[in-house]
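**Student:** Let the sequences and hints guide you as you build the complete structure.
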Amino acid sequence: MESVSKNRQSPAALRAMIERAYGPERVPVGDGWATELTFGWFNVAYRVRLRDGAEVVLKIAPPPHVDVMTHERDAMGTELRALELIRAHTDVPVAAAHFADHSRELCDASYFCMPYVHGENLGVLRDRLSTAEHDAYLAQLGARNREINAVRGAAFGPLAGPGDASWRRVFTGMVEHILADGERRAVALGWDHDTIRAVLAEHADSLDEVTEPRLVEWDLWDPNVLVRDGRIVCVIDHERAFFGDPLMERLFGGTQLPAFGPHDAFMRGYGHPPLTPTEQTRRRLYCLYLVLVLVVETVYREHEGTATYDWARTQLDHAMALFGRTR
1 MESVSKNRQS PAALRAMIER AYGPERVPVG DGWATELTFG WFNVAYRVRL RDGAEVVLKI
61 APPPHVDVMT HERDAMGTEL RALELIRAHT DVPVAAAHFA DHSRELCDAS YFCMPYVHGE
121 NLGVLRDRLS TAEHDAYLAQ LGARNREINA VRGAAFGPLA GPGDASWRRV FTGMVEHILA
181 DGERRAVALG WDHDTIRAVL AEHADSLDEV TEPRLVEWDL WDPNVLVRDG RIVCVIDHER
241 AFFGDPLMER LFGGTQLPAF GPHDAFMRGY GHPPLTPTEQ TRRRLYCLYL VLVLVVETVY
301 REHEGTATYD WARTQLDHAM ALFGRTR
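By our numbering, the letter at position 223 of the sequence shown is numbered 223, and the numbering carries on one by one without gaps.
Hints are computed from structural coordinates only; laboratory data are not their basis. Certain hints may be false.
Cut-off 25 Å, straight-line C-alpha distance, at most; resulting in silico cross-link-like pairs (SDA-like, lysine to any residue) [said to hold, decoys possible]:
| # | residue 1 | residue 2 |
| --- | --- | --- |
| 1 | K6 | A150 |
| 2 | K6 | E25 |
| 3 | K6 | P28 |
| 4 | K6 | E55 |
| 5 | K6 | H65 |
| 6 | K6 | D135 |
| 7 | K6 | R240 |
| 8 | K6 | E105 |
| 9 | K6 | T35 |
| 10 | K6 | Y22 |
| 11 | K6 | H102 |
| 12 | K6 | G32 |
| 13 | K6 | R20 |
| 14 | K6 | R47 |
| 15 | K6 | T78 |
| 16 | K6 | A155 |
| 17 | K6 | E36 |
| 18 | K6 | V68 |
| 19 | K6 | Y116 |
| 20 | K6 | R73 |
| 21 | K6 | L37 |
| 22 | K6 | P115 |
| 23 | K6 | R197 |
| 24 | K6 | W311 |
Cβ-Cβ distance ranges computed for the label pairs, FRET-style [what the hints assert, rightly or not]:
| # | residue 1 | residue 2 | range |
| --- | --- | --- | --- |
| 25 | A143 | D205 | 30 to 40 Å |
| 26 | A16 | A96 | 40 to 50 Å |
| 27 | G173 | E209 | 17 to 27 Å |
| 28 | E55 | A165 | 10 to 20 Å |
Predicted model only: the values in this text are computed from it and were never measured. All C-beta atoms, glycine included, are put in the ideal place defined by N, C-alpha and C.
**Tutor:** This is the structure:
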């Protein structure tokens, strides 16, 4: 996916980063040792073959002059913290960070290196799978997602803090941040901000049911899963993680909006019973937040064409309709 946030670097710069991470004796020589991995939407990532034949991934944060949304600030730091938490407290397969550099001495942004994991991207593979085969992966993903959500935090909010004891305050702030991000770039939502705020205020008491901060990946769906031989071998892209309500996870979204995919196999693997009325209300609020992000980020990414924006605007209408609001 093309995005203005992808901070591509020259071969010379990449070699310098690799030397700092792995030493001069492992710096690649010749041509064809670096290939851009194109599935991501935010950071640029390269598959790199080191001189000794080992394969690694070099991931680089956006350049400092690129405007990012509030929840994307220090996204690379968030990903590194999430990797540490997942590796320390779960058996979920994730890569270990070999090296991270935040000095901005070799390029204008932070970067880190990790091993390359051989596997097929489930988002790409999905069209070649039968429903039963895809459901089997979704059930595995549900079980893995539950492991991640079992990690407890000291407070709600960003992994690096500051935290808050109230999930209602944190989630309300997240919505306000995305509305402000949209306003800063004059993004047309098709809905008045005060109408969106009114929906949140009318249903905010459902958020008070959440009292224990849990690790939430939030962006865990098919394109962020690598599979091989019928099993999940790696979960990737953790830069949107935070401590919050597990019901915010992406694949719970299908319980309220069909566009967010089938959910039965995921729910079964997760071991989650049908949502209670209060849980359904919260999940609808989370769908509303998600589609607000999807609308606003199309402008920040400067996508070519309007197809993604148009789709997201339609989903925003559907999310508002869940609360009886129509245009």
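**Student:** Evaluate each hint against the coordinates.
**Tutor:** Hints, one by one, checked against the model:
1. Simply put, K6 and A150 have alpha-carbon atoms about 32 Å apart, too far for the 25 Å limit, and the pair is violated.
2. Note on K6 and E25: the hinted pairing is violated, with a Cα-Cα distance of about 28 Å set against a maximum of 25 Å.
3. A C-alpha spacing of about 23 Å is found between K6 and P28, which places the hinted pair at or below 25 Å, so the restraint holds.
4. About 21 Å separates the Cα atoms of K6 and E55, which keeps this hinted pair within 25 Å; it holds.
5. A hinted pair counts as satisfied when its Cα atoms are at most 25 Å apart, and K6 with H65 qualifies at roughly 12 Å.
6. Between the alpha carbons of K6 and D135 the distance comes to roughly 32 Å, so the proposed pair goes past 25 Å and is violated.
7. Note on K6 and R240: the hinted pairing holds, with a Cα-Cα distance of about 16 Å set against a maximum of 25 Å.
8. The hinted pair formed by K6 and E105 meets the criterion: a straight-line CA distance of about 18 Å does not exceed 25 Å.
9. With a CA separation close to 14 Å, the supplied pair K6 and T35 stays within the 25 Å bound.
10. For the hint linking K6 to Y22, the alpha-carbon distance of about 23 Å falls within 25 Å, and the restraint holds.
11. Annotation: proposed proximity of K6 to H102 holds, straight-line Cα distance about 17 Å (limit 25 Å).
12. Pair hint K6 plus G32 holds up; C-alpha atoms about 20 Å apart against a cutoff of 25 Å.
13. Under the criterion of a C-alpha separation no larger than 25 Å, the hint pairing K6 with R20 is consistent with the structure, at around 21 Å.
14. Taking the CA atoms of K6 and R47, the gap is near 15 Å; set against the 25 Å cutoff, the hint holds.
15. A hinted pair counts as satisfied when its Cα atoms are at most 25 Å apart, and K6 with T78 qualifies at roughly 17 Å.
16. The suggested pairing of K6 with A155 is violated, with an alpha-carbon distance near 32 Å, which exceeds 25 Å.
17. Taking the CA atoms of K6 and E36, the gap is about 11 Å. The hint holds against a cut of 25 Å.
18. Restraint check for K6 and V68: satisfied, since their Cα atoms lie roughly 11 Å apart, inside the 25 Å limit.
19. Of the pairs offered as hints, the one joining K6 and Y116 holds, with about 19 Å between alpha carbons and a cut-off of 25 Å not exceeded.
20. Restraint check for K6 and R73: satisfied, since their Cα atoms lie roughly 14 Å apart, inside the 25 Å limit.
21. Between K6 and L37 the CA atoms are separated by roughly 11 Å; this keeps the pair inside 25 Å, and the hint holds.
22. Pair hint K6 plus P115 holds up; C-alpha atoms about 20 Å apart against a cutoff of 25 Å.
23. Only pairs whose Cα atoms come within 25 Å are accepted, and K6 paired with R197 is rejected, the gap being roughly 32 Å.
24. Among the hinted pairs, K6 with W311 is consistent with the structure: their alpha-carbon atoms are about 23 Å apart, no more than 25 Å.
25. Between A143 and D205 the C-beta distance comes to about 31 Å, which sits within the given range of 30 to 40 Å.
26. For A16 and A96, the Cβ-Cβ distance of about 22 Å falls outside the hinted range of 40 to 50 Å, so the restraint is violated.
27. At about 18 Å, the beta-carbon gap between G173 and E209 stays in the expected band of 17 to 27 Å.
28. Taking 10 to 20 Å as the suggested C-beta distance range, the pair E55 and A165 does not conform, at roughly 44 Å.
The earlier numbered hints that this structure contradicts are 1, 2, 6, 16, 23, 26 and 28.
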